[in-house]
Each structure stands twice: as C-alpha cells, then as structure tokens.
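Chains as they are written, first to last, in the UniProt record's numbering: chain A, 1 to 539; chain B, 1 to 539.
What the hints contain is simulated information worked out from the structure, not anything from laboratory work. The hints are all genuine.
Since copy identity is lost for identical chains, a pair holds within one copy or between any two.
Straight-line C-alpha distance at most 30 Å; calculated DSS-like pairs for lysine-lysine:
(1) 447 with 486
(2) 365 with 79
(3) 447 with 402
(4) 402 with 420
(5) 53 with 363
(6) 3 with 134
(7) 53 with 365
(8) 53 with 358
(9) 486 with 53
(10) 325 with 152
(11) 255 with 34
(12) 79 with 358
(13) 321 with 152
(14) 59 with 365
(15) 53 with 69
2 protein chains.
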Amino acid sequence: MSKSISIFDTTLRDGTQGEGISLSADDKIKIAKKLDALGVHYIEGGIPGSNSKDIEFFKRVQELGLTSKVTAFGSTRRKDSIADQDANLHRILESGVRAATLVGKSWDFHVHTALQTTLEENLAMIFDSIAYLKRQGLEVIFDAEHFFDGFKNNPEYAVSVLSKAREAGADWLVMCDTNGGSLPHEVHGIVTSLNGLLPGAPLGIHTHNDCELAVANTLSAVQAGVGHVQGTMNGYGERCGNANLCSIIPNLQLKLGYDCIGEDNLHHLTNTARYVSEIANVNMPVNQPYVGNAAFAHKGGIHVSAILRDSRTYEHIEPEKVGNKQRVLVSELAGQSNIVSKAHDMGLAFDPSSEQYKLVIGKIKDLEHQGYQFEGADASLELLLREANGELQELFTFESFKMLVEKTAGRPVVSEAFVKINVAGQSIYTAGEGNGPVNALDNALRKALLQYFPSLKDMHLSDYKVRVLDDKDATAARVRVLIESKNIENSWNTVGVSGNVIEASWEALVDSMRYALLGQISPSETEGESLPRQGIVNH
Amino acid sequence: MSKSISIFDTTLRDGTQGEGISLSADDKIKIAKKLDALGVHYIEGGIPGSNSKDIEFFKRVQELGLTSKVTAFGSTRRKDSIADQDANLHRILESGVRAATLVGKSWDFHVHTALQTTLEENLAMIFDSIAYLKRQGLEVIFDAEHFFDGFKNNPEYAVSVLSKAREAGADWLVMCDTNGGSLPHEVHGIVTSLNGLLPGAPLGIHTHNDCELAVANTLSAVQAGVGHVQGTMNGYGERCGNANLCSIIPNLQLKLGYDCIGEDNLHHLTNTARYVSEIANVNMPVNQPYVGNAAFAHKGGIHVSAILRDSRTYEHIEPEKVGNKQRVLVSELAGQSNIVSKAHDMGLAFDPSSEQYKLVIGKIKDLEHQGYQFEGADASLELLLREANGELQELFTFESFKMLVEKTAGRPVVSEAFVKINVAGQSIYTAGEGNGPVNALDNALRKALLQYFPSLKDMHLSDYKVRVLDDKDATAARVRVLIESKNIENSWNTVGVSGNVIEASWEALVDSMRYALLGQISPSETEGESLPRQGIVNH
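Between the sequences and the hints, there should be enough to build the whole structure, so can you do that?
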C-alpha cells in the first residue's frame, strides 16, 4: 500500500490573490464541481463575510453534495479579545462548512511587526480560536504563516506555535513558506527535525513559488514525512503564485508512488487544469509542465523521428496518464486519433482512409492554425464533422448583417443589429436592439428564426468569452469568441475567430443556433406560404 | 571566497526549440550583447550550418568583441566515419568560435534506438570528435544527453561516456536531464556518486522543466559539487522549457552564496529578462519569479499594511537586488493603504484625512464594484487620482461616436467609426476604418486629436484584453477591456467597463489618449483659428 497524501486545493482562496485573477460566485461553483470530480480532498472556497461573492458561494456549494470537503478561511481571533465573540470566527461558523482553515503567526518578527502583540498573546490567539471551532464540531486545519522564516529566526517559538495548535485539537498543522524564499534542502532539514520535536504530528506543507521552487519544496516536505499538501490549480496565487498542484500531483503519484487523487482520476488532470484556466480567463502557458499544450510537443526533426520509433526516447511519462497528448509539430499524424475518437463519441462512422475524412482533418488543422480551438467548442466541431459526413441539412443561409453602436454624451449607448437570412427560399430581414452588440445580433437573428423554429425560444446564451489571440497588433489582433448556450436539457459550446470581435461573435452565435436546430426538418414551401413572402422588418 | 559557478546560456540554441520562439540573426546579435553585459560566461549561439541565420550570427558576433565566450553546437561525428572528415565538425570550426558544445549519447537505450549503433562505436564517436576539436585548439564542452536516464538504466555505461570524454580532453562534462523527468534527490544522489567515481572531474548540469523541477535539479547538482550550469533566459526551450537562468542565478548568488555573474551585475537581471522576452516576442508571465511584473506585487490589504511597515514581512529578498521593484496592487481585497502608497509613487501628496481623499477612495471602490480593475490599469487610476487632486486639465471633451460593422455573404467584414469631440471650443468630426471596431475607433479618434497634439503619432495600442465579468446574462453581461499603449519610452494601461464591449473599449481608448496627453497644454483659441471652424469629415 502506498502512502496517501491529502490534497488541499486553495485556488478559490489563495489563487484569487494572483494578479489578474478574479472569480465570480458562479465561476467558483463551476471550479468547485470540477475539483470535486478530480478527487482533491479539500476545496478552500474563500473568506466568508469578506465579500458578497464568497457568501453566495458558501451558500450555493452546500447544495452540490460534493465529496471533497469545502473549507472556509479565516484568521485567529483578534488580539486581546475572546474567541467566542470574534466576528471572523462567527462568519466561518455561519458559512455552514464542516472544516475551517485558520491562519496564525509563527514568526516572532511578524508577531511584533505585523500583529504588534506579545508572543504569549499570539499563542493564546491560536489556541483559543482552534479550540473554539473544535468545540463547535469543525475540523480545523491550522496554517502556520511564515513557518520556515520563523523557524530559522526562532525555532523554539515556531515549534511552540505548532505544539499549541496541536494541543488545541488542530487536525492538520500546515507549515507555510509564505514569502516563498525557502530552498528544498532547508525545507527537508526543518521538517526532519520536526519529526523529532513533535513526533507523530499531522504535518502539512504550503509553499509559494518566489524562487521557482514551490513544487520542489513541497516534494521535499513530503519526502521528509508530511501527509497534507496545499496548492492551487496552475499555481495561481499572489506574486509568483502558490505551489502548482498540476505538477505536484503527478510528481507524487507517478514518480514517487504516493496516492493523491487515485490512479483513475489522474487522467482528468489536463482537462481540469485547462477548464480552470478558461474560467479564470487566464492564458495557460503552452509550456506548462504536464498539462500545457506544448508539454509533450516535439519540434526538432531528430527528436521527432526518435519519438516515432519509441516515445520513451524524449518523453518522461506517457502523456495520456495525465490526460495530455503527444503533439508532433511538423507531422500530419498529430491529432488524428483525437478526432477519430471524437467522431466515434458522436456516433459518426468515419472511414479514416476515406478522402472525405482526410478533407475534414485538413480543414480542422487549418482552422486550428487560424486560432480556432475545438477543445472548448464541441458543438462547432460536431457541426464540422457532420457536415463532412454529408448529414448536415442547413436550415438557413446567411445573407448579411449590420451592427450599429451609437453613443452621445450624457445618453446611454444604443446597440442595434439588422440581420438578413434565407429560410426555405425566403429572405427574412429583421432588426433587434440589445444591451450590447452581441445581444442585439442575438435578438435579431432569433427573431428571424423563431418564426420557423419555435423550439428556439427555450434556448439562450449562458456564457460568452473573448480571448485576444495575438496581442502584437493590439486592436488589429485576432480574437476568439466562445459561446455557451443552454436549453432546458442541454448546454453546448461554439467558437468563432476573426480580426473583428463582432464577426467572431456572429460566427459563434450562428453555430449555436445551427447546433440547436440539429435534427430539425426544413420548413416546407407550403408552411412558408403562411408567412409573408416579403422580408419582415421588426423592431 | 565564495565558489564560482560558470554560467552557460543557451537561449539562442536550445531556447529557440520552444514553441513560438523564433529569432532572426539580428535578434540573436541583440540578445548576445545583452547577455554579455549581464556577465554570463558562455553564450551558445546556434548550430553552424544548420541555417543561414546561424551562419550570419557567427560571422557578425565575432566583430562585437564580447567578453562572454560564444560557443557553437553540434553532434559527435556520424557513426562509422572519421571525425577529421565530419561535415558538422568542420562547420563548427568554420564558424570561427573558440569554444564548442558537442552532444553525445550516454543512455544505452538511446544508442540502440535512436543512433542504432553499438555502445563501443558511440564511445569512439565521442572520443574522436572531442579529440579532433581539441587538436584544433578549441575549448570543448561535452553535453552528455540523457545522462540521468542513462545512469539509472546502466550506470557503468553512463559513467564510461563521461570518462571517455574527459580522456579526450573535454573541458566540461555536462550531465543533461534531457527529458526533464528526474527529481532533485535523484540528481543529488547521482552527482554525489560521480564525485567518487570520477574524482575532480569538471562536471556541469543541464536540466529541463517537464516536472517543474529544472531550477531545483540545477541547485541540487550545484550543492552536490558541479561547477557549470546551463540554462536559458526565462526558461525558454522545447516542451516545458530549459532550466531558467533568471531564477537559478539569484538563487545561487543571493541564497546560497555562490558567485555567478558578480554582485554588481545582478541588478541587470530583470531588465535583461524583459529585453529578451521583448525580442523573442513572447509575453513574460506576470508571475515569473524574481523578474516578473508581479514578482513583488502585493494585493491583499493586510499584507499591504504589513509591507508598508517592513518589506521583509512579505518579501523574501529586496526586489532592487535583481533590478525589480515592489508594486502595490489596488483591488477590492485591498484596503486604503494600497491607494495611499500608489498616490505616493505618483508624487501626489494626498492628506488621508481630507474630504477630497475620502471621495476618491469611495469612487474607486464604487468603480471596482462595477467591475473596473485598477491593478492592471495604472494609468486610469492615475487619471482618477490627479482629477481628484484638481490637477487634471481636460484637453478634449466627448460629444459622440457611432460604430458600424457590416458583413455581406462572400465579402469581407467592414468596420467604420465616426467620432465627434470638442477641442478648445471647436467641434471636430472624423471618420476612420479599421480591421475591427476598436481599430476603427482608434483611427477616428486619433485623426481628430493629431491635428492638435502631434506627439500622439508616436503612440500606439500594444495590447488589448477583454474579460466578460458575469456570464449569467451572457450577451447582456458586462465586459472589462484593458488596453496597453506604448510610445517610444513608456507603456501604460487603461481600463473600461460596460455592458457593451464597444463602449468599454472606447472608455479605455479615451483614457489611454488622456494619459498620453498628461502635462500637455490646451491649444489656445488663437492656434485654433488656423484650423477650419467647421467639423472635419476625413476618411
């Protein structure tokens, strides 16, 4: 039996301290579900009461019935006060979680400088706060802030902090390298000496990446005996980020033989990491270890021919183990198996040797080269594959659109769209207004289609994302728009790419409607008779 | 005296294997000069004869008289041939360098699978090639490819490879973790055992970042005794990249007391790293350790108030040591202390107890609540603060804009913008076209302003980001636009938020121009006389 390591994800709390990372309550719920499916043991959701987003998150997350334990974060009680009356501790209890993370000081310098209190009062703050939450029946994870700096400066005091937290009943004693300045051999040495000073203590580790050593420091601590690891997806976090769980988990599980999220879950890693980066709207570096798009990409010609002979020649693990895949940047072989498996999932029986199949592979490659990404746009990919398979009946054709945005000083901005499409031989011309240009286009297109396809009334756009693909030319850069749509039963995703954000949005919008209409039959000419032959301008 | 570590930079060779990295001969010359000024010992320039860029680089670099040694890279001779007649080795000699890097196999599996030759012939290839270049008077650095995988599989053979290279006269024996799959404790163990097997050998280390451990593996090797470190600026390189010298150098020099580039050069590190990323045209991740823009950025309010008391509370080193600087981010999580310190940076003397100060704090909080984010938009924040301080002279006022996007089937999309502003009492009406709506607005607004403020011609938009803030209402959701602008000397960031992406872009665009015009004087009525009194419609 391999030793089990408890994985504590703090993407939703410490991760949001990262520059440019801002998550709504809705974003947090989505990520929490995904982390639960990945199999992490703890999901730290936020700081209850610090803002309305976190209050909403803690309320909604309880209805999800997650397997992972959701934890709320807070500080130990204020100095010279009483834990039972501490507003922050009350907010943790009110949030409804069954586990809490309490942070306390373990560096004497910080007790003096930041808290401006005595070493004794700090110990009392830690003891009282933990004991209070334990009495209320919560599991308590104690984060010893600046533990390593504290240990280097005053080892007795740092150890007494952990010891006091343990005495109060803390379930995990987490040593934090808050400033990220420690080195792996230091971490290993300090954890090893703690094994002697606090035998059998349930130790955990929390590191930051300021020296580009957060992953190494975490491994060092685990190798020295800790059983609990804190980190974030993609290493999000303040300054240089927190320890990156997307690298730590495979390192521990594949290289060192520990059990973290279970062997069956590891292949969800890449997908989870990319999903989180999409929700956070942060570009994932292509070269991110394990889960990046280039993590198993081979460029050099010699490498490629060796790789094709035996992938172990230039790959340290099988990419599939973490749900990633090999990419040969110069080879036509890349990606095909993916599309074959995708088509299979859709129930399409493609013959991989057919001309038709080669054409669609070529088209997809060409589109990807232009910046389309089908990983987040299954519906657009399905439309392409069904079209290539000759089973897509187009129910309407595009003729034109115009989009006007007008703003006069002191008056609200106005967006109007004019859409001309052809359904069953009839040209339909509609107009729509909206809060913004895409909303106006959606309203105008919907108005045109609803006359023929009333089922569209149950469908609406539920998510809209814009990504600038190449920022070299700034306003002349290409953008990718991803749209998520929903009806009563399903949701689906579509993509559009253009140098023009309006055109890219339009593409994704049209794909969304086309997908919603899959399986519907073209309105007959007879049915058409009941509608005016002339274009209709509604407003 | 601290031990000296020889720093070998391979940004120009192994770095260019990274996805999306492509350097012209001119780029390489620029980077070589900058690396020389930083004080690295070796600059690997490329593979002579592999392409015309590298031939040109080796010719031109000789005229620069650099202090760093420029090296050329190549493989050992082909199997079953003679070193003296090997085309690749000849090209190294012809390149005019005084130092060469030769790569050879040290993993028996690779000798069989990739080279498809015998273990003995591989040893002969290594010996002959090194001995030949040494006879020609070159310094030779031997890169033992896959050394760690080789050692794990067949330690005797891996060691015999290093031993043979040493016998042939190699100046450095570099152990490469080519696939990036090794862990720090393995590297430490293997290097330590080599100290016994090859006493006094001049060992070096070359690692890759596939486990996010390249920096840690390098430190492990140095701590076990190696004296030569290979890596790239910003960790550029194939797959997940090479070992990042921008983290290794400060770790070795500031944390472990080794001498790498000298204390006086270390403060050039941030500037060099950013320069290389500019030339390579790759965005530097904001959270890059030591040199990133967020490496010493503080967001949390509690952190910020502690930082202002004593920077050691949340900073592991003084940022100035590596040429970086502390930044205090303004965000909803932050308290007032962030804004006080920001205003202070701008040279604004706000009285924190004044009514005017409370008003601007209230306004900023309100804007943040609406979705504005000033952490990435220093210029917009500065405009707000200067306005509150009564020192902002508005040089133009907005009257109206119209934006039209039109698309007809089979024809390219067209974007046009019409802008009306008032400068010095005159209403100016201009029109512009563009690749997209923002480009069209930029062109129209610029046309209006250039007549009065010719200095704007040096300014352009260099980055454009769009973030959807709340996806609940999808196309009716609010969006935040961030714009980065540049002129010859500076870059600045502005923000706009609206339910309408065009209006949000317009806001950020206008702030960008307002910031560019800070300190300029309003054109007088007299100057205005020389311009037509009527609105001008240009196209």
